[in-house]
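Line by line, the protein sequences are chains A and B. Quick note on numbering: my numbering labels position 249 of the first sequence as 254, and the sequence is numbered without any gaps. Quick note on numbering: my numbering labels position 414 of the second sequence as 1815, and the sequence is numbered without any gaps.
If you're looking for bench data, these hints aren't it; they were derived computationally from the structure. Be a bit skeptical, because a hint or two may be false.
What the hints assert, rightly or not - Here are the in silico distance ranges between beta carbons for each label pair:
hint, chain 1, residue 1, chain 2, residue 2, range
1, A, GLN591, B, ASP1424, 41 to 47 Å
2, B, HIS1756, A, PHE226, 47 to 53 Å
3, A, PRO72, B, PHE1608, 55 to 61 Å
Stated by the list, open to error - To give an idea of the chain A side of the interface with chain B (calculated C-beta under 10 Å), a few residues:
hint, residue
4, ALA25
5, GLY71
6, GLY148
7, GLU150
8, ASP166
9, ARG181
Here a beta-carbon is modelled for each residue, glycine too, at the ideal position from N, C-alpha and C.
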Amino acid sequence: MELLLWLIPLLPLAGFLVLAVAGARLPKAGVAVVGAGSVGLAALTAALLAALFYNAGSDPVIARLGPWFRAGDLSADFTLYLDQLAVIMTLVITGVGFLIHAFSTEFMADEADYRRYFAYLNLFVAAMLMLVLADNLVLLFLGWEGVGLCSYLLIGYWHRDPANGYAARKAFVVTRIGDVALLLGLFLLFVELGEFSIQPLLAGAPLYFESGAARMELIAFLILGGAVGKSAQLPLQVWLPDAMAGPSPVSALIHAATMVTAGVYLIARLHPLFELAPVAQMMVALVGLATLLVAAWAALSQRDIKRILAYSTISQIGYMFLALGVGAWGAAIFHLVTHAFFKALLFLGAGRVIEHMHHEHDIFRMGGLRRVMPFTFGVFLAGAASLAAVPWLTAGFYSKDQILLAAAGAPELGTLLFAGGVIGALMTAFYSFRLVFTVFFGEPVTQEREHAGWRIQAPLALLGVLSIAGGLIPLPLEQVFPDHHASHALGLVLLAAGVALAGIALAWWTHGRRRPTGETANWPLWRRGLDRWQASGLGFDAVYGVLVETPFNTTARALRGEIVDRAVALVIAVNQGLNALTARLQNGRIRHYALGVVLGVLALLIPVVWL
Amino acid sequence: MTLMALIALPLLAAPLVWWLGRDNPGRAGVLALIAVLADLALALTLFTAGGDAEPWLQRWQVDWIPRFGIQILLAVDGLGLLMVLLTLGLGAAAILASLSEIRERPGFYYFHMLLAIAGTLGVFLALDLFLFFFFWELMLVPMYFLISVWGHEDRDRAAIKFFIFTQASGLVMLLAILGLVWAHHADSGELTFSYFALLEAGLDPQFAFWLMLGFFLAFTVKLPMVPLHTWLPDAHTQAPTGGSVLLAGVLLKTGGYGLLRFVVPIFPEASAAFAPVALWLGAAGVLYGAVLAFGQEDVKRLVAYSSVSHMGFVLMGVFALNIQAWQGTVLQMLAHGLTTGALFVIAGLIQHHFHTRDMKRLGGLWHRLPRLGVMAMFFAVASLGMPGLANFVGEFLILVGSFRADAVVTAVAALGLIGAAVYSLILIQRVFQGPETETTASGISLDRRERFLLGALAVPVVVLGLVPQPVMDLAAPALAVLESLMPSGVLP
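Okay, chain A solo, but in the shape it has when bound (with noise of 0.2 Å):
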């Protein structure tokens, strides 16, 4: 077991290197084979070693390959460890990883750089199964940092396009800035506990610091500083819906199965420490609903079909934190896991409708696609369907209720993290059937039918019969977490199925009926700015312009002249200075040599004299 632990995440490095290698002398079926086959050979081995786990009682599997580095009392080594949150981290990463390589192996197929984008692709997976099996938080650190590269790359795979390039470096220094808060964490924890290994840190922890100390809830604030930048989450949510600069299979991957949803697994994997600090765990929970209402409100009034897909995700990743800041761990992953099927088929799904499109984002200047995309359309709308939570067919209601029940029965401001919740469903149906409706309803702008090999197919009607029936799935985290008591009242779970129907119906009155041009000229001016600020993700980016960007920009400009080097270049100028001056007196004439003389003796007979 512990061989097959280690080829997880070793078969999409070892994929990477046969492309970066090799990979130039391979034909795009070759690079298709190696590219999606070595997350293929992963997704299978997961599936085994999860048999096997299973089978053997749930007992973790440790896997050590040997040492990486160790410094004194400090040791980081190449460990994997392998739980219940582990295996179905790993199954979801692998799994709905491989659908979308396999929907990229005919989706990308005209892009001339084939062999680079699954070259990314691959490490991309890599790091992220690094990430969730890592032993150590030095190890999980490596996969933190690697997905965040990764992501760079990705984001930015179009390079000629400097816009691209803008959005990529934003992605990799906004997630940046909470790593270095993670990293600072971790070297607490370390200063503190001695150790980084994950195990025996959850273990010591609450022996050594009492609830809520004040070292504690540091600790926690700072690992929750770490998990907004990767999550996206308030106030760290501005690079995801630059993210989308990148191919549509990458958006998949990157809100899907990998990197947004690292911050949710490392506040899970690390929960214990959270509840050794009761301040930032409500932080937490407040991160959450301040960032799924603030992402649902911007959702509302974006053009950009990615764009609107971009801001649920942040929302519905703002749920998972709720659902953490509850104490609801096993919710949180819930959702996780479900919404890791929907939103890659959404993503896919916008891909293909874009792709249809001719590269067209605007989604006001599309219209009756269902028409022409009949299997797009159906793919998505169970995608959609499971987005805004329809009760009891899809699986998004159930993990989504469930956040919504534990929210309700949290001990403190359970009343606002469920109503709060509650208006973010309704926003959330709206916004994800004013999509639907617009798209793919009215006449068709186009009478083009769409075409798709089975490689585009497969994938897409896997997940959307996951998006569907993926709250059957068993999910055991009963070694890993606590039992939580969730509220089960009856009128909550009906209040929750009601909004979400209540939102599709809006939509449909408001977009599905109507058919609005998504012109705003002849708005009335409230209606025009707020529409503006909406779009614009609630102005964060201009803020941050004004306080971050703008001042680094001019304080680096204005250094470049460097101010040091003005105190040298002051040292040389007065010794240039009083060169020129000696250099004058030398000038030749006999007068100004006698004036100097008798000027010197007078100098040196004064003193003399007077005294």
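Since the structure of chain A is provided, determine the placement of chain B on it from the hints.
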């Protein structure tokens, strides 16, 4: 004897290369390369050295000027050996990088290069302080000529600035050495420049502090530490590629090495007292270098300022005064030598092929030169501290160690990691991505030698990133000695 031969080989080869290769660039370069590689092979035999008293692997001494207690005293431990290997490895890389660039007076060029290498080796091996000072100066003079004769458009000013800074700091060091020797003489009646004797010097704490400051200044000018760094961007930018590689890769390391070898062990109490200030100076360097790197328009200047930032970490690592930070310091010095050396090679290739270093005129190189793009991305990513590559292990250990010493200053310095991402990626963006410009539209490709050179630098970056332990084990005994010298209560 091996130690003497190690220095003598490039020293003796230098005039030979000058004469045989006086008007044949290819021959001069190949001969110089052979000399350095032979020296590298010789250095590798030190691994099998029977050993001396722990931690020393080998020691060799003869009297030089007995009247003043001056000896030719050479010794090597794990730390010294690593620095020697870095010097020779990067020396070879610097020569390879010079082959197509240097057309004028090639014999004379490689003469200076070999002299600089010999001087640096002497610095890393000499343990008689007078001899150390001798090599310190020997290393700088040929470097001055490399910049002022074969440098770029503004070479004269840069070379003079380099010379003034290093000579002034050398003078300070000489005074500190003489002060130390005098104090030891006054204390014990023995006149000696031997490191081993001076380690035992019973110094008045007040006086020791001033001596420590003298050494500190000399070494941190070289490191360089902000605000004594302003010679570096000019010197690096104006030097020919081989000179930049040698400067960044090796010469800066003499500063970090000097701090670890002399300042901390000879003045442990004074170092501990000064550590809080040094940590803040290091953190200031990390941030200042990062901000300045971002503001540059010149590829080489950007890389030069990134060195200032990275060396800030080295300063912090030395003065965190614990084993993790010191291990990190050694790794950071090696990693920085490799990655920054490689980035200077890349900058040199760009200058050679496109005749500009101005990022406003560059762009879209990836489309023409995908391999160069990949290599630049690799080294930029290594330089911003990606785990799995060499720099990460160094920076991580330094930060863990300095966090133990002072959490606040570490938190401030860690912001430099964000800065590193900003300036590294803007470099990639402005040079390699985006649309092609008029300057970069002409098609060229890398030749096999250039690809080999970059590949050869990339391999140890990966190895050090994934398997750093052998290197750390090699350095460990020397660092354990430092640990044992620290006054109790300093080590957390």
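Is the interface hint for A:ALA25 satisfied, with its Cβ closer than 10 Å to some Cβ of chain B? holds, 8 Å
Have a go at the A:ASP166 hint: is there a Cβ in chain B nearer than 10 Å to its own Cβ? holds, 8 Å
Taking 47 to 53 Å as the stated bounds, is the beta-carbon spacing between B:HIS1756 and A:PHE226 within them? holds, 52 Å
Does A:GLU150 meet its interface restraint, that is, does its C-beta lie within less than 10 Å of any C-beta in chain B? holds, 5 Å
Satisfaction of the A:GLY148 interface hint, Cβ to chain B closer than 10 Å: holds, 8 Å
Chain B contact restraint for A:GLY71 - C-beta distance below 10 Å: Since chain B brings a Cβ to about 8 Å from A:GLY71, closer than 10 Å, the hint holds.
With respect to the beta-carbon atoms only, verify the hint that A:PRO72 and B:PHE1608 lie 55 to 61 Å apart. violated, 44 Å
At the C-beta level, are A:GLN591 and B:ASP1424 separated by a distance inside 41 to 47 Å? Holds, since A:GLN591 and B:ASP1424 (Cβ atoms, about 44 Å apart) stay within the stated range.
With chain B as the partner, please determine if A:ARG181 meets the hint condition of a C-beta pair closer than 10 Å. It holds, given that the least Cβ distance between A:ARG181 and chain B is near 5 Å, below 10 Å.
Violation of the numbered hints given earlier is confined to hint 3; every other hint is satisfied by the structure.
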